[in-house]
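Student: Take these sequences, add in the hints, and give me the full structure.
Going down the list, the sequences are from chains L and A.
Each residue of the first sequence is one higher than the one before, starting from 1 at the first, in my numbering.
Each residue of the second sequence is one higher than the one before, starting from 1 at the first, in my numbering.
Don't take every hint at face value.
To be verified - Partial selection, computed: residues in chain A whose CB lies under 7 Å from chain L:
#: 1; residue: 85
#: 2; residue: 103
#: 3; residue: 169
#: 4; residue: 171
#: 5; residue: 173
#: 6; residue: 214
#: 7; residue: 215
#: 8; residue: 216
Claimed, not checked - Footprint (simulated), chain A over chain L, 3 or more residues, beta carbon under 8 Å:
#: 9; stretch: 176–188
#: 10; stretch: 218–224
#: 11; stretch: 234–243
Derived by calculation from the structure, the hints in this document are not laboratory data.
Note that the structure is a prediction, hence the values are computed from the model and not measured.
Using N, Cα and C, we set each Cβ at its ideal position, and we do this for glycine too.
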Amino acid sequence: MNGEKRKRLIVSGIIDYLIFFAFVSFMITCCIMLFVSTLSRTLGVTLTGDNLEEAAKLTFVNVVFLSLLFCIVDLIRRRWTVSRPVRRITEAAERICQGDFSVRIEPIGRFATDETFHTIIDCFNQMAQELASVETLRTDFIANVSHEMKTPLAVMQNYGTLLQAPELSDVKRMEYARGVTDASRRLADMMTNILKLNRLENQQIYPKTAEFDLGEQLCECLLQYENIWEKAEIEIDTDIEDNVKVKADEELLGLVWNNLFSNAFKFTKAGGKVTVALLSDETYATVRVQDTGCGMTPEVGAHIFEKFYQGDTSHSVQGNGLGLALVKRVIDILQGEIGVESAPGKGTTFTVKIRRVPYELE
Amino acid sequence: MLKILVVEDDRELNRTVCTCLHHSGYEAVGCLNGAEAYDMLYAGMFDLIVSDIMMPGVDGYEFAQSVREVNEEIPILFMTARDDIASKQRGFRIGVDDYMVKPIDLEELSLRIGALLRRAKIAASRKVETGSFLMDADEHTAYLNGEEIPMTNREFSILYKLLSYPKKTFTRTQLMDEFWDADTETAPRAVDVYITKLRSKLTDCHDFEIVTVHGLGYKAVMR
Numbered sequence: 001m002n003g004e005k006r007k008r009l010i011v012s013g014i015i016d017y018l019i020f021f022a023f024v025s026f027m028i029t030c031c032i033m034l035f036v037s038t039l040s041r042t043l044g045v046t047l048t049g050d051n052l053e054e055a056a057k058l059t060f061v062n063v064v065f066l067s068l069l070f071c072i073v074d075l076i077r078r079r080w081t082v083s084r085p086v087r088r089i090t091e092a093a094e095r096i097c098q099g100d101f102s103v104r105i106e107p108i109g110r111f112a113t114d115e116t117f118h119t120i121i122d123c124f125n126q127m128a129q130e131l132a133s134v135e136t137l138r139t140d141f142i143a144n145v146s147h148e149m150k151t152p153l154a155v156m157q158n159y160g161t162l163l164q165a166p167e168l169s170d171v172k173r174m175e176y177a178r179g180v181t182d183a184s185r186r187l188a189d190m191m192t193n194i195l196k197l198n199r200l201e202n203q204q205i206y207p208k209t210a211e212f213d214l215g216e217q218l219c220e221c222l223l224q225y226e227n228i229w230e231k232a233e234i235e236i237d238t239d240i241e242d243n244v245k246v247k248a249d250e251e252l253l254g255l256v257w258n259n260l261f262s263n264a265f266k267f268t269k270a271g272g273k274v275t276v277a278l279l280s281d282e283t284y285a286t287v288r289v290q291d292t293g294c295g296m297t298p299e300v301g302a303h304i305f306e307k308f309y310q311g312d313t314s315h316s317v318q319g320n321g322l323g324l325a326l327v328k329r330v331i332d333i334l335q336g337e338i339g340v341e342s343a344p345g346k347g348t349t350f351t352v353k354i355r356r357v358p359y360e361l362e
Numbered sequence: 001m002l003k004i005l006v007v008e009d010d011r012e013l014n015r016t017v018c019t020c021l022h023h024s025g026y027e028a029v030g031c032l033n034g035a036e037a038y039d040m041l042y043a044g045m046f047d048l049i050v051s052d053i054m055m056p057g058v059d060g061y062e063f064a065q066s067v068r069e070v071n072e073e074i075p076i077l078f079m080t081a082r083d084d085i086a087s088k089q090r091g092f093r094i095g096v097d098d099y100m101v102k103p104i105d106l107e108e109l110s111l112r113i114g115a116l117l118r119r120a121k122i123a124a125s126r127k128v129e130t131g132s133f134l135m136d137a138d139e140h141t142a143y144l145n146g147e148e149i150p151m152t153n154r155e156f157s158i159l160y161k162l163l164s165y166p167k168k169t170f171t172r173t174q175l176m177d178e179f180w181d182a183d184t185e186t187a188p189r190a191v192d193v194y195i196t197k198l199r200s201k202l203t204d205c206h207d208f209e210i211v212t213v214h215g216l217g218y219k220a221v222m223r
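Tutor: Here is the structure:
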């Protein structure tokens, strides 16, 4: 490896020298030709082969020496202004390869090197910073996932152990079994959401745009929750405009409504009310999903679209903190807007605004 | 007793599904792969098939397809871990009747099987019967206590659909979709008119009622 490197250095040194030699000889030949021809014309000097030969030898040695001198000066200049920053950059890149994202390249004095290297170093530092933040997100994500997975697993394990006890009353047995079912359902829901989110985040999504009736989609989505609102005695109020046609990806938008509706029903108590409204103008369609649930503080509201964020730290209401992250991601892909209005005890209103025809189709 | 064939390669899952179906009053037979399932189908009559998609050897798609080639009626329900639209579309194109994503809720499975069998019966007999009310799709006529109730074709189609899926709410568009290619701007509201007429014709029928689900659609509810 090292021998290879040295060989390459020698070869490139020789090539450099030859280039300088050719360059210097060309320059000097041109100068001498001009000088000699002018001299012979004005002074009438005639040149014989002998004087010429001696002068030529001397000049040749001069050219060889000058080329060498230039070559060395150039080498030193490059050592200083090119190799030094390059070495720093390669060293930093190697450390990044090894997973150390904290590395930053120290800037080199303004005049000590070429402007290009300053640009490269700035870019490199920026890249290292981005990588570091991605890494933090990833570690946090894994920590969150494993926590969220271990909790229901622990619950199942515990109930499983309890169920093995002989002479368990029927009531207790039912209760423990239900505990296992609920925990496994929670785990399954979370896995489904993680997979969906992963698909949305790590793949280039090309929304399949087609025209459909948004009001109809909202009605059909909402009807999936009919059992829930009947059982929980939640009042439904709809104000859905007829014939609001949009050009968008129906499946992706379905994810948004399903998550917003399931949240609304999850947080609304018996006797509460869920309102769904669809308004439209020429460019935008606006959907409002309002509940009379527990609501949240502005501090909580500011974080709800983050992965694994749960306003309710007691986890008394089932959820995995991924639903709204999914919603946000879809809204971003579809270039829409989502907003939330809420106050503790006053319920929550989500407003989704999407273009009826995407930008690129206009 | 209605017989159900369960094709699922995971032994535990197969066992739990079969047990659950037994509890719901069906006779369930489990097999672990497609080949075994073919043998079972040759040997006996089944009323419904529950099948996994990803199985060693013959996969669910292939299995469903070969079943459909010889039997167009038998309801097939897929239960699978694949929840992408493409897999679902492929299933429904082959002629699968319902699709559940794993992990499945056993209670929901038995409800869906009940609904599938009910629909299969309606499809086979082309009759819906609710107490003293009877609808005959071949004659396109409805009877209450044996007496004919005059109905237009559209009224009949809407009511037939509502009664085939009791307690399920249909949006106006869904009720209208399959029946006529009317202009979609006004048609959804036209459904309201048909419902009003149906209600007035059915004032003497006390076996079910057509309920308006606020702003969303209609459903038939048994009394």
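Student: If a hint holds in the structure, say so; if it does not, say that too.
Tutor: So, going through the hints one by one against the coordinates:
1. 85: 6 Å, holds
2. 103: 4 Å, holds
3. 169: Because about 5 Å separates residue 169 of chain A from the closest Cβ in chain L, which is inside the 7 Å limit, the hint holds.
4. 171: Hint on residue 171 of chain A: holds, closest Cβ of chain L at ~4 Å, below 7 Å.
5. 173: For residue 173 of chain A, the interface hint holds, since the closest Cβ of chain L sits about 5 Å away, which is under 7 Å.
6. 214: 6 Å, holds
7. 215: 3 Å, holds
8. 216: Since the shortest Cβ distance to chain L is 5 Å, the answer is holds.
9. 176–188: holds (count 3)
10. 218–224: With 4 residues close enough to chain A, the hint holds.
11. 234–243: It holds, with 7 qualifying residues against the three required.
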